[in-house]
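Asks: Listed below, chain by chain, are the residues.
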Amino acid sequence: MLSARGISKRYGALLANDGIDLSLNGGEVHALLGENGAGKSTLSKILYGYTRPDAGEILVGGKAARLRSPREARALGIGMVFQNFMLIPALTVQENIALFLTDLPAILDQEAVARRIRAYGARFGLQVDPHAPVRQLSVGDRQKVEILKLLLAEARILIFDEPTKVLAPHEIEGLFQVFAALKAEGYAILFITHKLREVIACADRITVLRQGRVAGGFGPGEAQVETLVKMMFGERGGEEPTAETPVPAGTRPLLELRGASAQGVGSETTLQGLNLTLHEGEVLGVAGVSGSGQKELGDLILGLRPLSGGSRWFRGEDASSWSIARLRERGVAFVPEDPLAMAAVSGMSVRENLSLGTGSRYHKGLSLDWRALEATMGASFAALAFPVPPLDPPITALSGGNLQRVVLARELAHGPSLIIALYPTRGLDARSAASVRELLRRARDGGAGVLLISEDLEELADMSDRLLVLFQGALVGEFPRGSWRPEAVGHLMTGSGEVAGV
Amino acid sequence: MSELALRPFLRQALRHALVAVAALAMFAAILLVAGKDPLRAAADTCRSMTTVYGFSELLVRMTPLLLTAVAVALPSRLGLINVGGEGQLYMGAWLATAGALWFPAAPRWVLLPLVAAMGFLGGALWAAIPGVLRAMKLVNETIATLLLNYVAPLIVSYSIFGPWKAPGSSAYPESPAYPDAALLPAFFDTRVHGGLLLALAALLAYWILVDKTRWGLQMRAIGGNAEAAQRLGIPVAVFLVAGLALGGGMAGLAGMGEAMGVHGRLRQGLSPGFGFTGFLIAWLAGGRPLGILFMAFLFAIITAAGDTLQITQGLPFSVVNILLAMILFIVLARRPGGAR
Numbered sequence: 001m002l003s004a005r006g007i008s009k010r011y012g013a014l015l016a017n018d019g020i021d022l023s024l025n026g027g028e029v030h031a032l033l034g035e036n037g038a039g040k041s042t043l044s045k046i047l048y049g050y051t052r053p054d055a056g057e058i059l060v061g062g063k064a065a066r067l068r069s070p071r072e073a074r075a076l077g078i079g080m081v082f083q084n085f086m087l088i089p090a091l092t093v094q095e096n097i098a099l100f101l102t103d104l105p106a107i108l109d110q111e112a113v114a115r116r117i118r119a120y121g122a123r124f125g126l127q128v129d130p131h132a133p134v135r136q137l138s139v140g141d142r143q144k145v146e147i148l149k150l151l152l153a154e155a156r157i158l159i160f161d162e163p164t165k166v167l168a169p170h171e172i173e174g175l176f177q178v179f180a181a182l183k184a185e186g187y188a189i190l191f192i193t194h195k196l197r198e199v200i201a202c203a204d205r206i207t208v209l210r211q212g213r214v215a216g217g218f219g220p221g222e223a224q225v226e227t228l229v230k231m232m233f234g235e236r237g238g239e240e241p242t243a244e245t246p247v248p249a250g251t252r253p254l255l256e257l258r259g260a261s262a263q264g265v266g267s268e269t270t271l272q273g274l275n276l277t278l279h280e281g282e283v284l285g286v287a288g289v290s291g292s293g294q295k296e297l298g299d300l301i302l303g304l305r306p307l308s309g310g311s312r313w314f315r316g317e318d319a320s321s322w323s324i325a326r327l328r329e330r331g332v333a334f335v336p337e338d339p340l341a342m343a344a345v346s347g348m349s350v351r352e353n354l355s356l357g358t359g360s361r362y363h364k365g366l367s368l369d370w371r372a373l374e375a376t377m378g379a380s381f382a383a384l385a386f387p388v389p390p391l392d393p394p395i396t397a398l399s400g401g402n403l404q405r406v407v408l409a410r411e412l413a414h415g416p417s418l419i420i421a422l423y424p425t426r427g428l429d430a431r432s433a434a435s436v437r438e439l440l441r442r443a444r445d446g447g448a449g450v451l452l453i454s455e456d457l458e459e460l461a462d463m464s465d466r467l468l469v470l471f472q473g474a475l476v477g478e479f480p481r482g483s484w485r486p487e488a489v490g491h492l493m494t495g496s497g498e499v500a501g502v
Numbered sequence: 001m002s003e004l005a006l007r008p009f010l011r012q013a014l015r016h017a018l019v020a021v022a023a024l025a026m027f028a029a030i031l032l033v034a035g036k037d038p039l040r041a042a043a044d045t046c047r048s049m050t051t052v053y054g055f056s057e058l059l060v061r062m063t064p065l066l067l068t069a070v071a072v073a074l075p076s077r078l079g080l081i082n083v084g085g086e087g088q089l090y091m092g093a094w095l096a097t098a099g100a101l102w103f104p105a106a107p108r109w110v111l112l113p114l115v116a117a118m119g120f121l122g123g124a125l126w127a128a129i130p131g132v133l134r135a136m137k138l139v140n141e142t143i144a145t146l147l148l149n150y151v152a153p154l155i156v157s158y159s160i161f162g163p164w165k166a167p168g169s170s171a172y173p174e175s176p177a178y179p180d181a182a183l184l185p186a187f188f189d190t191r192v193h194g195g196l197l198l199a200l201a202a203l204l205a206y207w208i209l210v211d212k213t214r215w216g217l218q219m220r221a222i223g224g225n226a227e228a229a230q231r232l233g234i235p236v237a238v239f240l241v242a243g244l245a246l247g248g249g250m251a252g253l254a255g256m257g258e259a260m261g262v263h264g265r266l267r268q269g270l271s272p273g274f275g276f277t278g279f280l281i282a283w284l285a286g287g288r289p290l291g292i293l294f295m296a297f298l299f300a301i302i303t304a305a306g307d308t309l310q311i312t313q314g315l316p317f318s319v320v321n322i323l324l325a326m327i328l329f330i331v332l333a334r335r336p337g338g339a340r
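So the sequences go chain by chain: A and B.
75 is the number that the working numbering gives to position 75 of the first sequence; each next residue is one higher, with no gaps.
133 is the number that the working numbering gives to position 133 of the second sequence; each next residue is one higher, with no gaps.
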C-alpha cells in the first residue's frame, strides 16, 4: 500500500535517514525497530508529511505521492497515533473525534458520529463511551480514541509511534488484539518501538534501523531476539573502555540507594526498590531506553523527589530526608540536558545565574559577595579552560554550548564530590559534547563520583567504570567495567533478557 | 530593538508620563460626551488640589494605595498573582481592631506598635492561606486570593453586627471608637496620618528586598524558572508562602491605616476598592518602586478629581471607574514583554 524508496534526511551534521527503503502492505503489522536516534522518528514524520525528505520518493497505492503536509498524508489515507495524544481533555470522546473529521456537515449530527464510534469500536475491540469526557479516560482508552479518530477519518495506513510506552502490560495485550483485528480487515500498520519482545509478539515483518540506515529486515517468523539485538546495537562499543584511567581510587562509598522507591505522578515512571552504590573516583553509567525512569532517578538522588520507600545514604550518613539545598551544600552537583529548563533562569544575567545554587557560600550582609563569586567563577572557567563569558548580558544571549559551559563552571566551581549528569551532552555539537565528557572524566580522576545517565550507548561505553541498566523504573543489570557486551546490555534495556547482577 | 537607546529609568518615566497624558485625554473625552466642559473641570480640579487641604487629601488617598500596590508587586516577583489585596486589607483592619479593643488601657507606645503588628499579621495570615494551598500545588493562588476577597468583609460585618457592635449605632453598625492611644498620629492639622510614613517605609523596604538582597535574587529565580530554582536548592515552597504572606501583610497595614488613621473605628465600607486599585497600580508600574510611587499619586489625583467633579459638575463617580478600566486596557495592550 505504501512504499518508500531511498529516503534521506540530513539535519546539519547528522544524517538522520540515509537511503531508507520501506514498504507497508495491507493486512500486515510492520515493526520499525531501532534504539534512540536510529532515525525512526524522522522516518515516521516523513511518512506523515511533517518533514520533507532531502531525497527519495514515496509511493501510495503504486502512485508517486506528494506528502508536503499531514493534511495531504491524511487525504491519502495515512494516519498517525502520536506518543503524546492530541486530544482535548475537556471535550467528550465524540466531540474529539468529530473535530478531527474533515468532512463534517455544518450542522452536526452528533448521534451519527456516536453510532459510527460504536460500530467501529465493536468491530475492532475499541469500545469507549462516546459521551465520556476524555479527561476521565485512562491512558489506554485515550489511545483507543486516537485510533478511532483515524479509522473514522478513513485512514488505511496507520503509523503508531511507540504506542506501548504509555501502556500497562494488560493494555499492551489489548492493543495487540486491536492490531490483529485491523490486520484482518486489510489495514496496514507501522509499529515503531524499541521493545523486542513486543515486536516478536505481534509483528509480521520487521525492519531494523541503525544510525539512519536499514540494518536488516525479517519476514514472518524469521526474527530472533539474538539477531535483532545484534542488529540494533551493532558490534561496536563492546571492547574495554579505551581510556588509561586508573581503577577507582578508593572503595569509599559516596552514595548509596538501598531499596529506594519513588512513586511516579502522571506520565512519570515509578522507581522500584533501587539498590546502587557509587564510589569516589568512579563513573557509574546508567543505560536505558527513554522513559525507563532516568530523570526520575536523577531527581531521586538530587533530593527533588521524596522517597516512598528505602533509603538514601551520602558518605555513610542517612540522607533520606535531606533537602536539595543540604545535598548541594555537601557537594552534590547537577549537570542536566537543556539548562534553560532545569539549571538556569532565562530572565536573569549570566552573573546572577552563576550565583544560583551556591548555597550560603557567598552570603554577605543582606546580599551576596559578588566580587568573591566572580573570582571563584573566573577561576572555575579558567580551570575548565573555558573563556569567561561577559557577565552582564542575559543568559539567553549565550549559545547552547556556552550555556552548558556556564552551568558546568558553576557546578564544578566548588569541587563537587558527586556529579549527577543527566544527558549532559544531549543537544550539544560534537566538540562541546567531547569537552563535557572530558571534564566529567577529569572530575572523576580528581576523586569525584559521577553518575552518568544517558541513552547514548557509545558515550556510556566510553565513560563508564561500571554500568547499570534501568528498565521500567527498576535496575535490571550491573556490569563491571570491561565485562559487558552491547548485546547483553541491549537485552536488558529492551526488557528481553533475564535479570542479571544486582 | 530599534527603540531609542534611552536608559531604563528614562524609558520608564516616559512610559508613565504617557499613561498620565492618555488618562487625562480620555477623561476629557468622557467629560465632553457627558456634556461638560473639560477645561473648566480641569480648572476646578486644579484649584481644589492646590490648596493645602486638597493636597493633603491626595496624600491620604495615596497611603493605602502604596501599600496595596506593594502587596501585589512583591508576590509578583515570585510569579504569583495576588488579587486578594482587598480581603487582606479588611483582615488587617479587623485584627488591628481586635488589638485596640482588647487592650484599651495600654499606653500609646505599646498600643501603636501592637495594632500595626496585628494589622500586618491579619493580612499576612489571610494571604498565607492561598500561599500554603499554592505551595502544596492544590489551588491556584489567583483564584484563591480573589475569592477570599468576598469572605473577609463578611467577617468584618459579623464582628461589627455582633460582638463589637458599638452601643447606640443602629443605622450604620460599627465598632466602638478606638482608644486614643490606638489612633495613628495626624500631621499639620490635616487627615494625613502616620500610615503614610509606614507606607513609604514599606515601599523602601520592598525596594531593598527585591533589588538589593539575595532573597530578591532568589525570588526572581523562582519567578523566572521555578523548576530550575528548586533543582538549585532554593526552598521554593517556603518562598511562595512567605512571599504571599509578606504581600498580604502590606495590604493588612493599609487596612490598619484606614481604620486607625482615618475612620477611628471599624466600618463596613472601610475601603472603596483600594485593594483592586493597588493591583492596577502595581501592574502599571511594572512592580518598580518609583513607578508605584508615581502611579499611586496619579491614581489619588484621578479619584480625587472624581470626587470634585461629583460635587461641582454633578458627574457620577462611576466615570472614574470607566477611566481606570480604560487605562488598564491601554497599558495591557502595549505592555512591553518581560516587564512585570
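Honestly, the hints are just simulated from the structure, not real lab data.
Nothing here was measured: the structure is a model prediction, and the numbers come from that model.
Beta carbons are placed, not taken as given, at the ideal position from N, Cα and C, and that holds for glycine.
Do not rely on the hints blindly, as some may be mistaken.
In silico lysine-lysine, DSS-like type, Cα no more than 25 Å apart, as pairs [as the list claims (entries may be wrong)]:
#	chain 1	residue 1	chain 2	residue 2
1	B	K212	A	K364
2	B	K212	A	K295
3	A	K195	A	K183
4	A	K183	A	K364
5	A	K195	A	K295
6	A	K165	A	K45
Quick look at which bits of chain A chain B covers, simulated, 3 or more residues with Cβ under 8 Å [said to hold, decoys possible]:
#	stretch
7	79–91
8	464–472
Short derived list, chain B residues pointing at chain A, Cβ under 7 Å [claimed, not checked]:
#	residue
9	R15
10	A17
11	R47
12	T50
13	T213
14	A226
15	G233
Asks: Which of the numbered hints above does this structure break?
Replies: 2, 4, 7, 8, 9, 10, 11, 12 and 14
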